[in-house]
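Enquirer: Here is what each chain is made of, one letter per residue.
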Amino acid sequence: MRRVGFAVITALLLSGTAYAQEKIKVGVTATLEGTYTVLGEDGMRGHVTALNVLGKKIGDKELEFVVASTDATPDSAVRAVRKLIEQDKVQILLSPLSGDEGIAVKNFAKTHPELTFVNAASGAQETTYVDPAPNFFRFNMDGAQWQVGLGKYAFETKGYRKIATVGEDYSFIYTQVFGLALEFCGLGGKITSRQWVPLGTKDFASVIAALPDDVDAIYLGLGGADAVNFLNQYQQAGGKAHLMGGSIMIDQTILSSKGNAKNALIGTIAASGQADTWEDPRWQKFVKAYQDSFPPEKRFPSPSLLATNYYGSTMALILALREVNGDLSDNQSKLKAALAKIEIDAPNGKIKLDANRQAIGTNFVTEVVDDGKGALFSKVVKVIPDVNQTLGYDAAVFSKIGLPSRTVPECKKY
Amino acid sequence: MSRFIERHPIWSLVILLAIALLAWLIIAVWPPGLEEAIGRKKVFLSAVFNGITLGGLYFLVASGFTLIFGLMRNVNLAHGSLYLFGGYVGYAISAATGSWILAFIAAFIVVAAIGILLQLLVFRRMEGQDLRQTMVTIGLSIVFADLMLWAFGGDFYQIQTPAWLIGPVQLPLITAMKSSGEAVFLQYPMVRLVIFCASVVIGVVMWLALNRTRVGMIVRAGVDDREILAATGVQIQLVFVLVFALGAGLAGIAGVVGGTFQSISPGEDTRFLLASLVVVIVGGMGSIPGAALGAVIIGLAEQLGSVYIPTYAIVVTFLIMVLVLAVRPQGLLARR
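Sequence lines, in order, name chains A and Y. Its first residue numbered 741, the first sequence is counted upward by one per residue in our numbering. Its first residue numbered 441, the second sequence is counted upward by one per residue in our numbering.
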């Protein structure tokens, strides 16, 4: 049904440009299949909201969007991007959504240095930290930046000393656990076990049974269908531990899921690039725009992190294009220069890029609350501005830690 | 059984020892050395139980598949779509009425009706043409998958577990001893036990129906020699339709089960088709006890694999299939 909805939106966008006018073609990818379907759908809602707010006009030109679907695997993302470039002849890419996809698309971007790639929402550290592509721009923070503040809050305010983690086995969650571990272990906390499950796991019963009993909290780095499956089976197994959540775990994609298994998340602490109940007028305006763009049954009560990211990246692209008046000559060099130095006033705080074209932005520590009517929201506990990719560490120290993986970083003070 | 022991004395001993070891691992309190070597007993016990209960779900899907194949020599590659559709029907009914039991009944009836239509409109027209049937069912599964994506979207659905099934029960199996000498018993999700018991009941009823009733006799005769059976005056086409309806209905029930303790979404159809193919290849095409054995083996392999060798868990299932194909290509419990 929703897929049809997007097709209609795309068709509308196409028909809107029917009269003679120069067009700028932009390819968009989102995970509209597989485990992360719900995330991709809400990402596209954020994208459409941005178009509603900002419009599609670039001077006397008009933006035209072509949407392609992926399933969170790197090869599906490269296939979609290749199709958009070769078949649909797009000039600019707004892609991709998920961590592993991001690393693959960044590498692919190097084979098309003449085009511009604006990351839509992916958050693996490697994408912009290791051998970044000069034509790849990321206006959202990475998974580690999105965990800043959580370790400290868990250790100092909640008094957690020993935790265990369960996460999906791929780059974005590695990056999230990386960010959590650096801060939590740096303060003296211990991570006693790290379990990794394949993306798309259905049966979590054995994983749940293997959770240690002697920890203060369990950190969940899951998303989409995996998170809902986990919570459902966690409820069936009678799980009662304190929980901590990653950025796509404590998110409207999960907090608005059907059924009552999500109630296990009430009181869970998390950190992310946004907080549902933030008072800031920019955020409130965005939430209103998102709600006005779709009927209540076709959206979440409040935008998810994916919607916010797609909104932010679409906004950055449109503003940069307007700055250069849609000039894509000379291998889009003017656009690239504009993107590199633009500073956007995104719904979730000011965002600017560093030398690797990676976002420096604001992070939020949150706690899940029930609004009294059965809907769950993430409530702001702490706002941390100006979080950079090295998480405040000296670049030389940071590079010694190693790349996020199943076992990196070690649980110690760096 | 006794003939097997006479013919393969060494294998019998190995199997017996393995069963004894497993029984000891399940019942005994583990000595500290063992816990250090392979982890806590609770984890092992849960993995074993999860494997067996997951096997129950696989059995529900695979038994219909193998029944249809056994009688009609028809590899129905749209079986996974029937599973997924059953799950969606179950979700719609349980969301509308709030009744879990009703979801099962509705899923069985609706999916069985689709099975009847498939048999009458598609398979009957190409009886005995294996390749054509296979190609047509692949095509149908793709069409069904897209139709369901259109109707239900890419969202994942979860069928609400009834309140009386939520939460764990305590099983009389000791997982550890506290320092005070008090025993700690295994806590296990109620819903999985109930689903497992239900699949055992269905399996036993099916076996009894096949081996103890007149209809079962006709079906078995049909498996052996369709032409002769038809020549004796049995309405073989009617039997085909009934068996197809039953097989499809079981897939529909399995969809509701899968939607309750996992979730249903696009892609589940191929996952369960693949699972049931592996199960019947391991167990033996066309054999109900074979499907049961295969389902438990694959379920155990998946769950124990995901706990003890998480990185290679997916490979284990296929390794077992390759092993069976190499050593006993007709499947473990096939008749010939």
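Hints may contain errors.
[What the hints assert, rightly or not] If you want a taste of the chain A side facing chain Y, the calculated C-beta under 7 angstroms gives, among others:
1. Asp943
2. Ala949
3. Gln1031
[Claimed, not checked] Reference excerpt, derived from the structure (chain Y facing chain A, CB under 10 angstroms, subset only):
4. Lys482
5. Thr537
6. Ser539
7. Thr574
8. Met575
9. Thr601
10. Thr700
11. Ser703
Read the hints as simulated data drawn from the structure, not as lab findings. Note that beta-carbon positions come from the ideal geometry of N, C-alpha and C, so glycine has one too.
Enquirer: Does Thr537/Y meet its interface restraint, that is, does its C-beta lie within less than 10 angstroms of any C-beta in chain A?
Expert: With a minimum Cβ separation of about 16 angstroms from chain A (threshold 10 angstroms), the hint on Thr537/Y is violated.
Enquirer: Using 7 angstroms as the Cβ threshold, decide whether Gln1031/A counts as touching chain Y.
Expert: Interface hint status for Gln1031/A: violated (20 angstroms vs cutoff 7 angstroms).
Enquirer: Ala949/A was flagged as interface toward chain Y. Is the shortest Cβ-Cβ separation under 7 angstroms?
Expert: 3 angstroms, holds
Enquirer: Hint Lys482/Y vs chain A: min CB-CB distance below 10 angstroms?
Expert: 6 angstroms, holds
Enquirer: Taking 10 angstroms as the limit, does the beta-carbon of Thr601/Y come near enough to a beta-carbon in chain A?
Expert: 7 angstroms, holds
Enquirer: Would you check whether Thr700/Y satisfies its interface hint, that is, whether its CB is within less than 10 angstroms of any CB in chain A?
Expert: Holds: closest Cβ of chain A sits about 9 angstroms from Thr700/Y, inside 10 angstroms.
Enquirer: Against chain A, run the beta carbon of Met575/Y and see if the smallest gap drops under 10 angstroms.
Expert: Given a least distance of 24 angstroms, the restraint on Met575/Y is violated.
Enquirer: Closer than 7 angstroms between Cβ atoms is the bar; does Asp943/A clear it against chain Y? Give me holds or violated.
Expert: With a closest approach of 6 angstroms, the Asp943/A hint holds.
Enquirer: With 10 angstroms as the cut and Cβ atoms as the points, is Ser703/Y at the interface with chain A?
Expert: Interface hint status for Ser703/Y: holds (5 angstroms vs cutoff 10 angstroms).
Enquirer: Tell me if the interface restraint on Thr574/Y is satisfied: Cβ within less than 10 angstroms of some Cβ in chain A.
Expert: 25 angstroms, violated
Enquirer: Would the hint on Ser539/Y be counted as holding, given a Cβ-Cβ threshold of 10 angstroms to chain A?
Expert: At about 16 angstroms, which exceeds the 10 angstroms cut-off, the nearest Cβ of chain A leaves the hint on Ser539/Y violated.
In summary, the numbered hints that this structure violates are 3, 5, 6, 7, 8.
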